[in-house]
Every structure is written in C-alpha cells, then in structure tokens.
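In the order they appear, the protein sequences are chains X and R. Under this note's numbering, residue 104 is the last one in the first sequence; the count climbs by one each step, no gaps. Under this note's numbering, residue 121 is the last one in the second sequence; the count climbs by one each step, no gaps.
The set of hints was computed from the structure by calculation and includes no laboratory data. One or more of the hints may lead you astray.
What the hints assert, rightly or not - DEER-style ranges, computed between Cβ atoms:
(1) R:N61 x X:T102: 38 to 48 Å
(2) X:Q69 x R:H80: 40 to 50 Å
(3) X:N(-4) x R:F54: 13 to 23 Å
Quick reminder that beta carbons are idealized off the backbone N, C-alpha and C, glycines included.
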Amino acid sequence: DTGVSQNPRHKITKRGQNVTFRCDPISEHNRLYWYRQTLGQGPEFLTYFQNEAQLEKSRLLSDRFSAERPKGSFSTLEIQRTEQGDSAMYLCASSSSDGLSSEQYFGPGTRLTVT
Amino acid sequence: GESVGLHLPTLSVQEGDNSIINCAYSNSASDYFIWYKQESGKGPQFIIDIRSNMDKRQGQRVTVLLNKTVKHLSLQIAATQPGDSAVYFCAENSGGSNYKLTFGKGTLLTVNP
Chain X
-10 DTGVSQNPRH KITKRGQNVT FRCDPISEHN RLYWYRQTLG QGPEFLTYFQ
40 NEAQLEKSRL LSDRFSAERP KGSFSTLEIQ RTEQGDSAMY LCASSSSDGL
90 SSEQYFGPGT RLTVT
Chain R
9 GESVGLHLPT LSVQEGDNSI INCAYSNSAS DYFIWYKQES GKGPQFIIDI
59 RSNMDKRQGQ RVTVLLNKTV KHLSLQIAAT QPGDSAVYFC AENSGGSNYK
109 LTFGKGTLLT VNP
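Looking at chain R on its own, in the form it has when it is part of the complex (with noise of 0.2 Å):
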C-alpha cells in the first residue's frame, strides 16, 4: 500500500556538523509534507512543514527539500546541537485532504559532543 519510509534508521553526526535526513515517500497524491522531532518519552513536536507546489523551505536551522520527480523529501539542520538528538519522522497527509497523516518509521540522529 502507500508508505513513507526513510533510507536510514540511524545517523550520528558531530556537534557543529549539518545533518541530513531523507525520506521516501510512495503517494504521488500527497501534497502536503511535515518534518516531526521526537524526544525519548514526548510527543511529536513540529518542526517544519512544506506543500507540493514548493520545493524547497527554510526555518531557523532547518531546511525541508521536497522533489517530486523521484519522491523524495529531506530535513536539513544546520550546525547541529546535542538538543537536536532525538528521532525525526517525516510525515505526508493522505488522500490529499490535509487531516490525516502516515508517518514514517523515524531516524534516530544522536549529536556527539
């Protein structure tokens, strides 16, 4: 059926480094995507989010990338910080109707000192 996944479930960066996290998504339908930051033992927190007819958009620190030819989205941070550790879910609305989300499976990033 229609998923998102990510490529890694893992990444370990240096504190400083830009980190990159990428994510695959199967609904051509989508038009609606959103980064999610999860710390151990909290909910979701919203990191970004960006629609269809945009390819690119920029935050404090963050910046999503979306390209529609291959499907494919990705959450940019800028010098990462030991407070960006947690798991990073890429999210798309389904059916096009801008309520439900699929989440995809997450991608634990750990910032090393």
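In isolation and in its complexed conformation, chain X is listed as follows (with noise of 0.2 Å):
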C-alpha cells in the first residue's frame, strides 16, 4: 500500500496522559498535514509542513500539542495532559508541491478516545 499510513488507528487514554500519533506520507510527497474532525464535522486544519518545515499552525492547536517532521518524511503529532475534549479523529495528509497537482490525499485517521 503506497498510500498514507497512520499509527495507532485508535487510542484510547485517561485524562491527563500524553500521547503520539505517528503519520507516513506518500514518498514522493513534500507536504503534510494534520487535521482534526469530531463527529458530524468536516475535518478541521492544525498545522501543516512543507519537507521539516512546520509553516502553519491552526489556533486550534493549544500548547498541548506538538508536530514535528524531523527529516521531512514522518511526522508526529503529540498531545500532552490530555483532556476529554481532544476526543476525535486526528487525520493525516500529504500532497506534493509538483505543478498544478496539489490534491491532498488523507491516512485512515487516528481515533482519540480520552477517559
């Protein structure tokens, strides 16, 4: 499979506990990008990175969270002190920067579930 990869697919965790996501990208695929989308909702933006460089954060993203892409293929995305309110899906995508092409193509997603 040479699509989007996320680990784990669910999580489940108590409050106040710290937890990471990981995210595989397409290879070829110099963007990437974290959202976050609760039930009923489209996905919202969080933070996005183009090769290691992290250019965007969304507001919604509070200081509890970090991404990092460190060598510009996988990234994290951490949650620290978690609350119930993190509970969503937190979906991953990659898109390349190559010509007019810059769909973006989403992971299966990473269920949060916080206790």
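Put the complex together from the two separate chains, hints included.
Set out below in structure tokens:
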C-alpha cells in the first residue's frame, strides 16, 4: 500500500496522559498536514509542513499540541495532558507541491478517546 | 468568519439515479475546491477538484460545477451505486495558498437498492 498511513488506528487514554500519533505520507510528497475531525463535522486544519519546516499552525492547536517532521518524511503529533475535549479523529494528509496538482490525500486517521 | 457549508445534510436516492450534492462557499478569494468522499471509519477520499478559472470539470461518473457569481459548488454523480453511499464534503483552499483546506459540514448520501 503506497498511500498515507497512520498509527495507531485507535487510542484510548485517560485524561491527563500524553499521547503520540504517527503519520507516514506518500513517499514523494513533500507537504504534510494534520487535521482534526469530530463526529458529524468536516475535518479542521491543525498544522502544515513543507519538508521538515512547520509553516502554519491553527489557533486550534493549543500549547498542549506539538507536531514534528524531523527528516521531512514521517510526522508525529503529540498531545500532552489530554482532555476529554481532545477526543476526535486525527487525520493526516499529504500532497506534492510539483506542478498544478495539489490535491491532498488522507490517511485512515487515528481515533482518540479520552476517558 | 469565512466558511464553507452545504445546503442539505442528507440525500437519499435510488440506485441508478443521478445525485446532486450542493455546497455554498463564502470566501470569494478561494481559488481551489475539492470534493471528498468519506466512508464510515475511513479518511476522506479525493474525488475531484476544480480551480476557479474553470466552471466545470468531469471525471469518471462525477462532474463538479463551479458558479463563482453565486459562490456555489455542486457535485453530480451519474448512475449512483450503493457503493457511493457515504458522507461527501466540499473543501476550499484558504488564503489562496492551495494548502490549508476549509471543509464544509458534509452531506450524507444514501443509495437505496
């Protein structure tokens, strides 16, 4: 499978714990995005990387959230001191900046449940 | 603030009929729009996109129409099949940068056999 992959697919954690999610983009894509999706809503943009540089962060991304893409390939999203309101599906997407094609391809998501 | 929204939250059609899903956007500066399909438990799947210098684009069984005058986007699915049952989202780029997407709320399409 050469699509975007995310791990784990599901995570259940207790309030106050830290969690980390991983995203592996399509190999030739230099852009990587994180979104959050709650039930019945469309995905909401969180942050964006071009290669290893984090170029934009949404105001939705509080200080408890941090994302990295150290080698410009895979990315991690960490949530510290989780809260029940963090329960959501966390989606990763990637795209290429070459040419006019800029569609974002999404992974299957990591569903986080904070109890 | 700027937003992308859908006129109908649910749409039920008979197998073989054509489906039309509508979307209104409010950011007149947006120049790139995408339709995604999302099945239960899966990430959004790219269907078709269109840039603001076009008013129509066709794919396999799908057509996207863009009306910039009234800021309206639609997705037409021909000969709808049960496998088309899913939530459909329209999305627009924000800030003309072609990277950050703003999604609408979604329309649930149900295809009855």
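query: Is the hinted range of 38 to 48 Å satisfied by the C-beta distance from N61 (chain R) to T102 (chain X)?
result: holds (44 Å)
- prompt: Does the Cβ distance between N(-4) (chain X) and F54 (chain R) fall inside 13 to 23 Å?
  reply: holds (22 Å)
task: Please test the hint of 40 to 50 Å on the beta carbon pair from Q69 (chain X) and H80 (chain R).
output: Distance hint for Q69 (chain X), H80 (chain R) holds at roughly 42 Å.
This entry satisfies every hint, going by the numbered hints stated previously.
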